[in-house]
Amino acid sequence: MAKNAGMQTVSSGFVQLLLSQLSTRVISFLLNLLIARHLSPEDYGLSAVQFHLITTTILLLSREGLRRGCLRFQNDAAQTPSEGTRRILSVAWIVIPAGLIVTSGVVFCALFMSDADADSTFRAAVKLHGVAGMLELIAEPLYILALINLKFKLRATVDTASLLAKSGLTLLLVSMTDLEPALVFSLAQISFSLVTLLSYGAFIGPDAVRSLQQRDSKGLKWGPQQKEVLWMSGLFSLQALEKQVLAEGSKMVMVAVQSQYNQGVYGLVGNLGSLLVRTLFQPLEEIAFTSFSRFQVSINDHQHSNSDPAKEKEGLSELAHVLKVLMKSVSLIGLLSASFGPAYSYTLIRIVYSTRWSETEAPMVLSCYSVYILLLSINGISESFVHAVLDSRGIQQTNLLLVLFSVLHMATSIVLIRAAGAMGLVLADAVNMMLRIACSTWYILHHFRSLPTFRLHHLMPSSVSVAGFLTASGVTLLSQWIFLPPQQLVVMSTREFSLKSVERPRHLALYSCGREGQMGAYLSSPITTKEIWEGKGVTVKYGGSAMQGWRRTMEDAHLAEVELDPAGNTCLFGVFDGHGGAEVAKFCQRYMVKEFQALNGHSDGDVEEALVRVFHRMDDMLRDQQYLEEIEKLKIKEGNEDEEAGEDSENGAGAMDALDLLKRVFQLKRFMGDGAASGEGNSSKTESSKPVDPEEAMVQAGCTAVVAIKRDDMLYVANAGDSRGVLCRGTKAVALSEDHKPANDIEKNRIIAAGGFLSDIGGVCRVNGNLNLSRAIGDLRYKTNNELPAAAQIITAEPDVRKFQITSEDRFFVLACDGVWDVMSNQDVVDFVSQRLDQGMEPAQIACAMLDACLANDPKEARGIGCDNMTAIVVLLNPKD
1 MAKNAGMQTV
11 SSGFVQLLLS
21 QLSTRVISFL
31 LNLLIARHLS
41 PEDYGLSAVQ
51 FHLITTTILL
61 LSREGLRRGC
71 LRFQNDAAQT
81 PSEGTRRILS
91 VAWIVIPAGL
101 IVTSGVVFCA
111 LFMSDADADS
121 TFRAAVKLHG
131 VAGMLELIAE
141 PLYILALINL
151 KFKLRATVDT
161 ASLLAKSGLT
171 LLLVSMTDLE
181 PALVFSLAQI
191 SFSLVTLLSY
201 GAFIGPDAVR
211 SLQQRDSKGL
221 KWGPQQKEVL
231 WMSGLFSLQA
241 LEKQVLAEGS
251 KMVMVAVQSQ
261 YNQGVYGLVG
271 NLGSLLVRTL
281 FQPLEEIAFT
291 SFSRFQVSIN
301 DHQHSNSDPA
311 KEKEGLSELA
321 HVLKVLMKSV
331 SLIGLLSASF
341 GPAYSYTLIR
351 IVYSTRWSET
361 EAPMVLSCYS
371 VYILLLSING
381 ISESFVHAVL
391 DSRGIQQTNL
401 LLVLFSVLHM
411 ATSIVLIRAA
421 GAMGLVLADA
431 VNMMLRIACS
441 TWYILHHFRS
451 LPTFRLHHLM
461 PSSVSVAGFL
471 TASGVTLLSQ
481 WIFLPPQQLV
491 VMSTREFSLK
501 SVERPRHLAL
511 YSCGREGQMG
521 AYLSSPITTK
531 EIWEGKGVTV
541 KYGGSAMQGW
551 RRTMEDAHLA
561 EVELDPAGNT
571 CLFGVFDGHG
581 GAEVAKFCQR
591 YMVKEFQALN
601 GHSDGDVEEA
611 LVRVFHRMDD
621 MLRDQQYLEE
631 IEKLKIKEGN
641 EDEEAGEDSE
651 NGAGAMDALD
661 LLKRVFQLKR
671 FMGDGAASGE
681 GNSSKTESSK
691 PVDPEEAMVQ
701 AGCTAVVAIK
711 RDDMLYVANA
721 GDSRGVLCRG
731 TKAVALSEDH
741 KPANDIEKNR
751 IIAAGGFLSD
761 IGGVCRVNGN
771 LNLSRAIGDL
781 RYKTNNELPA
791 AAQIITAEPD
801 VRKFQITSED
811 RFFVLACDGV
821 WDVMSNQDVV
831 DFVSQRLDQG
841 MEPAQIACAM
851 LDACLANDPK
861 EARGIGCDNM
871 TAIVVLLNPK
881 D
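Counting from 1, one number per residue, gives the positions in the sequence shown under the working numbering.
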């Protein structure tokens, strides 16, 4: 009967909270889904991570200790209900002044640690979140009364109303007003707090007021029990601080070292992945803690009254039974999540949040989070039990352990977040959770040591159940491999590692292109063997050099043609910087001159128009079925280079590690997947500049291009991407081109109008979470909108063409890829070349020296700068010899 009564208390309260949580979460989930569709990842990260940290820190540090400590009040049959209420409120009211101190400190720290250029809106939003926290804390004494009196239905009703008010107001403001998102989140949080305060004030306030009015002088004095509860509350508050660092420390690290985009992705995954936690585990843990506390109070009463030891043992047995039922229940739910979550994470995000989120690392992070839920479920109940039954000395011991765990957790978070971004955050939390479970397990065994029938394995599901879940997990993962499109497996398998940068320069923030952007690990030593070319024309003398450097493959290509017309008056020079493979850069090297001549660019035709048309012509040819075999051969050549790099590993070239090899297997599967199986392409040989259908977008790689045409005394420069040209006029640098970056207003407007989006990843603005440039030849999957012209696609090959009159002051110009420009400025290059020309060096020698000067000594120390492929061409104008 005792066991049944205990379980009835737990189950009835849990059912009430569960029904409320289910209905509330379904509605709020739908509202939050709509909210997420109105917000960028950066804005979502502001709410889901930064403001969430402010709110939880204020509330947890202010109220958690008193909330748990007040549950330690022991039953006194001699006192009236009013006396019991006054006794509780005599301690619970302390939460208000304590909360004011904590709130002031948290708000001050948030403002102090914010960026110096943080706008006034963000600062106002932080202060408003502090106001919201205080409003909620004013209601806390009334909440504690409801909690102790087991008013679960009231708690469920208030939670529902508050959450719906917050979500509804957020959706209304983001969809129907132009209010800054930061202010929207603040006002919504205030609405949550107001509903909470007014609700508890209406339902609990009158009884509390009446009880306080009946107090006498005796009721004003604190007894030993109040002092004991306050002491326990202090210990629980210290524990709350440690738990906040344990629970949110990894998020604090993420805020410190990761971009708002990564924070937004993790926030989305955290909200989606913890839906189960908030709906089932959280209310169950709260009710379990309350029940464990009341059971332990009853056991303590038997001990203090020296009653029959059999009754004490019966109470302990009942407590073990409740723990067993709860642990098995949450473990089964956790196993369900761990078994099916990884296989269905991509599909879920794709359906619910569309490709805006599914093509990021979110599916992979959610896969890991679904396994992490199993650890969360076990830790939640085990820690609730430990904290409910320990005495003050035991609480102090656990606090010391939590301090140790906090330090380990922060250290692990820093290492893993820097290594794997949002994925690292989940892994760090998992390590922390396992340590806490181990600690709780020891305390549980120690607590039930007097029960000979108690066994730890009784708390876990049976081996048959575990085997069944493992089988189901294997089947679902196999079905994912069979039925999910190959490119989505690539996204899930490699994206997280390609976006793991932490405040890195571009070349360590692995940009995603044809192969989902894997630059791969650097070689153990650079390949400094250089390709050198030089020559002369009627009015020019040139020399160039290209070097693979620290990269595993060489993806650059170049052009130098000084006899474009019979008279030798037209010259063409070009640098092509490939990404996702060398095939597009090599394709341009092979065909651009021929196609430029076919477009009349070599004669008296319009050079500027011909340059624009030839860039788009490259895209058209990449789509053409007749060139696919040739492109594949160019791709194979690149693969051979990779193999050679691997073979030279013992001589310092470096070997491909297992992870990089695995990624490339996935990438190969992508190349041979939907794209390779698509039907007929555009076989027209005429220039169309027409976007390709998605099925025809077989060429995944791309390249930037800077091309210079010298005709008589005119210089024409076309650029798409971030390769660059510079002219030496006198001693000053004159920019021949400007880089095309997604953050530029013109580029940004085009990308968004075409249906793309921008993401801040590792401090670098990227298109659709991938490319850190906005124009390129190739990258055909960004050029699939048939309703838009080629120049208006998300990524376009449309070049900017500039025209310059060559004067007597113009000495030379230089074309180079971004591997050079990442290290040297325009003026640096002009000064470097001028000094060496004055020393009598040849253009090719100067180009070689430039690459050597740009090469990094150590990729780690250089943080990626000077580690890319490098190509440079120096062209002398009107040379004396």
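Please note that the accuracy of each hint is not assured.
Lysine to any residue pairs mimicking SDA-like chemistry, simulated, CA-CA at most 25 Å apart [stated by the list, open to error]:
no., residue 1, residue 2
1, Lys311, Ser450
2, Lys127, Leu194
3, Lys313, Leu451
4, Lys151, Leu30
5, Lys732, Leu837
6, Lys880, Ala844
7, Lys741, Pro789
8, Lys536, Ala146
9, Lys732, Gly840
10, Lys227, Lys313
11, Lys324, Lys227
DEER-style ranges, computed between Cβ atoms [what the hints assert, rightly or not]:
no., residue 1, residue 2, range
12, Glu861, Arg393, 48 to 58 Å
13, Ala853, Gln626, 18 to 28 Å
14, Gly201, Leu445, 36 to 46 Å
15, Glu861, Leu451, 53 to 63 Å
16, Gln226, Ala419, 23 to 33 Å
17, Leu401, Glu738, 42 to 52 Å
18, Lys803, Ile746, 13 to 23 Å
19, Gln805, Leu179, 30 to 40 Å
20, His321, Gln226, 54 to 64 Å
21, Ile96, Leu401, 41 to 51 Å
22, Thr453, Asp391, 16 to 26 Å
Hints listed in this document are in silico derivations from the structure and should not be mistaken for laboratory results.
We treat Cβ as the ideally placed atom computed from N, Cα and C, and that holds for glycine.
Results of checking the hints against the structure:
1. For the suggested pair Lys311 and Ser450, the alpha carbons sit about 14 Å apart, so the restraint of at most 25 Å is met.
2. Distance check on the hinted pair: Lys127 and Leu194 sit about 16 Å apart at the alpha-carbon level, within 25 Å; holds.
3. Taking the CA atoms of Lys313 and Leu451, the gap is about 8 Å. The hint holds against a cut of 25 Å.
4. A distance of roughly 28 Å separates the Cα atoms of Lys151 and Leu30; the hinted pair therefore is violated under the 25 Å criterion.
5. Between Lys732 and Leu837, the direct Cα distance comes to roughly 15 Å. Compliance with the 25 Å bound is thereby established for this hinted pair.
6. Proximity of Lys880 to Ala844 is assessed by CA-CA distance (about 17 Å); at most 25 Å being required, the pair is judged to hold.
7. As the CA atoms of Lys741 and Pro789 are separated by approximately 20 Å, the hinted pair is consistent with the 25 Å bound.
8. With a CA separation close to 90 Å, the supplied pair Lys536 and Ala146 exceeds the 25 Å bound.
9. A hinted pair counts as satisfied when its Cα atoms are at most 25 Å apart, and Lys732 with Gly840 qualifies at roughly 20 Å.
10. Between the alpha carbons of Lys227 and Lys313 the distance comes to roughly 29 Å, so the proposed pair goes past 25 Å and is violated.
11. With a CA separation close to 33 Å, the supplied pair Lys324 and Lys227 exceeds the 25 Å bound.
12. At roughly 50 Å, the beta carbons of Glu861 and Arg393 sit within the given window of 48 to 58 Å.
13. In this structure the hint that Ala853 and Gln626 lie 18 to 28 Å apart at CB is violated, the actual value being about 43 Å.
14. Between Gly201 and Leu445 the Cβ separation comes to about 44 Å, which falls inside the hinted range of 36 to 46 Å.
15. For the pair Glu861 and Leu451, the supplied restraint of 53 to 63 Å holds, since their beta-carbon distance comes to about 60 Å.
16. At about 50 Å, the beta-carbon gap between Gln226 and Ala419 misses the expected band of 23 to 33 Å.
17. Distance hint check for Leu401 and Glu738: the Cβ-Cβ separation is about 58 Å, which falls outside the suggested range of 42 to 52 Å.
18. Distance hint for Lys803 and Ile746: a CB-CB separation of about 19 Å, consistent with the stated range 13 to 23 Å.
19. Checked against the hint of 30 to 40 Å, the C-beta distance between Gln805 and Leu179 comes to roughly 51 Å, which is inconsistent with it.
20. A hinted range of 54 to 64 Å is violated for the C-beta pair His321 and Gln226, which are about 32 Å apart.
21. Range check, Ile96 to Leu401: about 31 Å between beta-carbon atoms, so the 41 to 51 Å window is missed.
22. Remark: the range hint 16 to 26 Å for Thr453 to Asp391 is upheld by a beta-carbon distance near 24 Å.
Comparing the model with each earlier hint shows violations of hints 4, 8, 10, 11, 13, 16, 17, 19, 20, 21; every other hint is respected.
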